[in-house]
Every structure is written in C-alpha cells, then in structure tokens.
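Asks: The chain contents come next:
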Amino acid sequence: MQDFLELAVSAAASGCVYGLVALAYLLVLRPTGIINFAVGEWAMIGAFAGYVLLTRFEWPYPLGMALAAALLALVGWLTERLTVRPLVERGAPVIAPILALLGMLVVFRETISLVFPPDPLPVPYPFGLGRLELGPLAGSYQSFFILAVTLAVFAAAWLFFERTVAGRAFEAVSLNRRAAALMGINLSRVTALSFAGGGAVASIAGLLVAPNVSAHYLMGVPLAIQGFTALVIGGVGRVEGALLGGVVLALAEQLTVRYAPIPSGYAQGVPLVLLMLFLMVRPGGLLKARA
Amino acid sequence: MSGFVKAGLAVLVLAGVPFFLGDYHNDVYRKLLLWVTLALGYNFLFGVCGQVAFSHFAFYGIGAYSIVILLFQLHLPLPLAALCGVGLCVLFALAVAIPSTRLEGFYLALATLALGQLFVVVLNEGGEVTGGTSGLANYRLPEVLGLSLRGPAYTGVIVLLLVFTFVVLARLDRSWFGRACRAVRDNPEAAAAMGIDVARTRVTAFTLTSALAGVAGMVYAFVDNTVNPPIFGIENAFLLLFMVIVGGAGRHAGAVIGAALLFLLPFWLAPLVGQHHVLVFGLLVVAAILFKPSGLVGIYDSVRARS
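Sequences listed follow chains E and S, in order.
Take 1 as the starting number for the first sequence in the working numbering and just add one per residue.
Take 1 as the starting number for the second sequence in the working numbering and just add one per residue.
Worth double-checking, as some hints may not be accurate.
[Unchecked claim] Just some of the chain S residues that point at chain E, by a computed CB distance under 7 Å:
1) His25
2) Asp27
3) Pro99
4) Ala114
5) Gln117
6) Val121
7) Val129
8) Leu269
9) Leu272
10) Gly282
11) Val286
12) Ile289
Derived from the structure by calculation, the hints contain no laboratory data.
What you are looking at is a predicted structure, and each value in this text was computed from that prediction instead of being measured.
For each residue, glycine too, the CB sits at the ideal point set by N, CA and C.
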C-alpha cells in the first residue's frame with residue numbers, strides 16, 4: 001500500500017505535466033480546430049529557457065518561470081502571426097496550418113540544437129531535492145510543486161473560460177466561428193491569444209518536467225504524444241478532461257513500469273495502446289462535452 | 001501496351017546507370033531510388049488521399065526486419081518470408097488505421113507518431129531477435145532462381161521495385177479508387193454523399209501504402225546487408241512528408257522531385273551548414289506551404305504556362 005501511494009504521487013505529478021501539455025493543445029484546438037504538433041517543442045523551449053534563466057543567470061525561480069512563460073507566449077503569438085494567419089486569410093484548407101506547424105516543430109528543434117550543446121542541460125529544482133510527507137501521501141518536493149502549479153494553472157483556465165467575457169468569447173468561437181464573428185467577436189484576436197496561451201502553458205509544462213529529465217532538444221516529441229493521448233482519454237470537450245486524461249495516462253504508464261514484467265522502455269507503448277483503446281471503445285473521451 | 005514499353009524502357013535506363021558509377025556513387029544511387037520509391041507511396045497516402053501519417057518508416061522497418069528474421073532465424077524460404085512480411089505490415093496497418101480513422105481529425109497522425117516512436121523502442125529492446133541497438137548484420141541474400149544478385153545487378157532489383165511501385169500507384173490513381181481517394185481528401189462529406197465509404201477508403205489507402213513501404217524495406221534489407229534501428233525512426237518519416245510537400249503533394253512528379261532534392265541537398269549543404277541541414281528542410285517546408293502550396297512541380301507548371 002505504501003508502495004502504491006508513493007507511486008500514485010509520482011504518477012499524479014507526471015500526469016499533471018501531460019495534462020498541461022494537453023491543455024496547451026486544447027487552448028489552440030478549441031477556437032481554431034488546429035492540432036498544434038509543435039506544442040511539445042514549446043515545452044522543450046520552456047525547459048531551455050529555464051536552463052538559461054535559472055541555471056546560467058541564477059534568477060529567483062518565480063521570476064524565471066514568469067519570464068519563460070512570457071517568452072513562450074511571445075513565441076506562440078509570433079508563430080500564429082507568421083505561419084498560421086497568412087494561411088487562414090488565404091482560405092487554405094485546415095490541413096495547411098497543421099502542416100506549417102509541423103514544419104515549425106522541426107525549425108524550433110533544430111534551432112535549439114544549433115544554439116545549445118547536444119548534452120542534456122541541468123535545470124534546478126525550485127525547492128531542492130527532498131521528501132515531503134502529508135499523512136499517508138509521500139513524495140519528492142518536486143512532485144508536490146508540480147501538483148500545486150498545475151492545479152493553479154487549471155483553476156486559472158477554468159476561471160478564464162467560465163467567468164470572464166474573453167473566455168466566453170473563446171467558447172463562442174469554438175462552438176461556431178461564423179456566428180461568433182457576427183456577434184462582434186474579433187476572431188483573429190482570439191486566435192492570436194489562444195496561441196499565446198498555449199505557448200505559456202506549454203512552457204510551464206516544460207519547466208516543471210525539466211529538473212527530472214534535464215533540458216534536451218529531443219524531449220519535445222514524446223511530450224507531444226503523451227499530451228495528445230491525455231487529451232483523447234479525457235475528451236476534447238472540457239478543460240478538466242485534459243488533467244484527468246493526463247493522470248490516467250501517467251498512472252497506466254507507471255503501473256506498467258512497476259508491475260509488468262517487460263523492459264521499462266516499452267512503457268513508451270502505453271500511450272499508443274491507450275490511444276487505440278479509447279478511439280475504439282470511447283472515442284469521446286471520459287468527460288462528455290456539456291450540451 | 002505502350003505503358004508496358006515505357007515501363008520497360010525506364011527499367012533499362014535506370015538499371016543501366018549503375019554500370020557507369022563507382023562503388024560510392026552506386027550506393028548513393030541505390031538510396032536515392034529507395035527514397036523515391038518511399039516518397040511515391042507516401043505521396044499516394046498524403047497527397048492523393050489527404051492523410052498525414054508518420055509510420056511509413058516503421059513499416060519500411062517492419063518489412064526489413066521481418067524478412068531478415070524470417071529468413072535467417074526461422075529459416076523460411078524467400079517467397080514465403082516475403083509473403084509473411086507483407087502480411088505483418090498489413091496486420092499492423094489495419095490495427096492502427098481502423099480505430100484512428102473512425103473519427104474526423106488527425107488521430108491517424110498521432111497514432112502513427114506513437115507507433116513510429118514505439119517501433120524504434122521495440123527494435124532497441126528486442127534482444128537476440130532484433131539485435132538491439134546494433135541491429136542485425138552478417139547475412140547475405142540467398143540465391144534467387146540460381147542467380148546471385150550482387151552489385152549493379154541488385155541495383156536492378158531496386159529499379160524493378162521503383163517501377164513496380166510507380167506503375168501500381170499510377171494505375172490506382174487513375175482508377176475508381178484513386179478518384180475516391182481524391183474525393184475523400186477534398187471533401188469527405190461530399191464523398192460520402194456520392195456513395196464512397198470514407199473510412200474504408202482511408203483504411204485501404206493506408207494499408208496499401210504501408211504494405212508497399214514494407215516491400216521496399218525488404219529490398220532495403222539487402223542493400224547494406226545490415227539493418228539497425230536509427231534508420232527507421234520518425235526523423236526519416238518527417239523527412240518523407242517534407243519531400244512530398246516541397247516537391248508538390250498529389251503529383252507523382254512532385255514526389256520524385258522532392259525526394260531527389262531533399263535527398264541530395266545534404267551533400268551540397270554539408271560544407272555550409274554541417275549537420276544542421278534539417279533546419280533548412282524545416283524552413284523550406286514552411287516556405288512551401290506559405291508561398292507555393294503546389295510545390296516545385298507547381299513552380300515548373302507556372303513557368304511553362306508563362307512561356
């Protein structure tokens with residue numbers, strides 16, 4: 001039991017990271033219908049921003065985190081301006097921006113590998129290495145930190161969508177673009193904002209996972225796969241679904257590594273199996289969209 | 001009939017080239033032919049049927065590994081081994097495509113991305129069977145009908161593969177099925193209204209092109225007489241997609257031009273950018289999508305239309 005609770009805490013922490021990546025997908029996907037494969041690379045750039053700001057310049061953690069998020073919001077906004085907007089304005093088919101973002105995925109990754117050395121680079125823990133015990137739950141400081149930050153981000157996202165006018169505008173656009181535009185919602189501003197928000201959320205995910213895995217230029221694609229699987233498991237209809245899907249996926253992964261008698265590398269197969277399973281059995285995800 | 005004559009001539013010319021090349025250039029030429037073959041197949045899936053998938057190199061690898069394992073570990077005869085290899089590709093393709101194409105959207109892209117990642121892991125962790133990170137080596141193509149195919153003669157086999165792939169895809173493209181694929185790409189709802197089974201068309205196109213990639217993989221297995229994991233990763237799958245986009249998606253000529261250009265570009269770029277030619281590829285693709293969605297073939301067309 002002790003063993004399982006320990007595993008549950010660490011699974012919840014990695015599930016939160018997947019959930020954040022899924023949220024970054026969702027922020028772009030809902031108002032625009034675009035699946036942004038570059039989201040994993042944004043998380044990767046977030047991790048490298050963490051390396052530069054926190055390890056090299058030794059900035060205080062909250063300041064470094066805020067600047068990394070702001071930087072990636074800028075990257076997201078620029079990506080939308082330069083590669084997505086021209087295509088949407090030209091009336092290109094929806095596959096065109098998705099392919100352009102795939103191209104950007106490679107551009108981001110290769111730029112990072114051009115600028116930084118190929119070895120994994122260290123990113124510091126905000127509270128160092130240590131164990132925290134809360135009643136029966138025990139885990140590293142980082143696990144609890146990830147949980148806290150993720151809950152804060154999801155709470156902010158929920159408040160934004162449910163309680164603010166701008167958030168309702170997002171919802172309106174995701175329900176019906178044309179009707180939303182006719183109601184006076186500025187579509188191009190919503191699109192730009194969604195990309196900026198996606199960038200910021202992805203960078204937080206990258207920064208949170210970086211101390212455990214180190215910043216490396218190839219870390220993006222696995223995160224992109226895990227985040228999308230989390231999205232399919234949770235269902236694209238609701239924000240909470242992203243978090244739920246992430247935790248389910250991480251739990252499945254860690255249980256496989258811990259208890260299944262197969263080499264640990266095969267844990268990379270868990271997202272694929274879950275993806276197939278959910279597409280076959282429950283294609284809408286666990287949480288149904290509200291009517 | 002003239003189609004057969006043309007195909008025969010193409011085989012003769014392409015198979016004649018290696019007799020004028022040295023060992024190194026012969027090797028480059030063989031790899032080029034294989035890339036063109038893969039790009040033709042991928043073009044049918046992506047350009048004609050409008051599906052994004054990243055599993056083409058996984059299927060290439062399944063073909064390559066399965067023929068080596070079946071021939072030299074299970075000691076099956078060559079024709080049977082080849083059939084089993086194709087069967088494996090079809091099986092995997094169906095397992096991935098049937099769930100992923102049930103829904104609208106890009107689930108196939110994600111599922112195949114995950115499959116591509118997983119395949120390399122399986123190769124690396126496969127122990128004795130797949131040879132782990134160093135792969136399998138030290139085998140030779142058994143004699144076919146009493147002939148031992150080596151050197152330029154084996155290049156002839158690759159040429160046959162290329163021309164076979166091209167003929168199959170070109171015929172399909174002009175058949176009922178090819179038009180159904182284009183209809184599904186351009187407007188799935190309208191295609192369904194015309195009586196086309198959209199999901200079945202997608203699954204068929206994916207399975208067929210994956211099987212063709214598997215066959216190409218079987219031929220590849222005897223090019224270097226070694227198979228190892230890095231070649232079959234998703235890096236190369238991305239490259240294949242880029243080749244088709246830059247050359248011009250949906251056109252056989254586009255696939256050929258794109259594959260040739262992006263395959264040869266690193267040789268010319270190496271003195272300028274070293275190992276970072278992939279960055280150039282990424283920029284090329286984004287530029288192609290933004291400024292010339294019809295690709296290099298489109299540029300050629302508009303130049304010819306003007307003159």
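Asks: Hint by hint, note whether the structure agrees.
Replies: Status of the hints after comparison with the structure:
no.	hint	verdict
1	His25	violated, 28 Å
2	Asp27	violated, 26 Å
3	Pro99	holds, 4 Å
4	Ala114	holds, 4 Å
5	Gln117	holds, 6 Å
6	Val121	holds, 5 Å
7	Val129	violated, 13 Å
8	Leu269	violated, 13 Å
9	Leu272	violated, 13 Å
10	Gly282	holds, 4 Å
11	Val286	holds, 4 Å
12	Ile289	holds, 5 Å
Hint compliance for this structure: hints 1, 2, 7, 8 and 9 are broken, all remaining hints hold.
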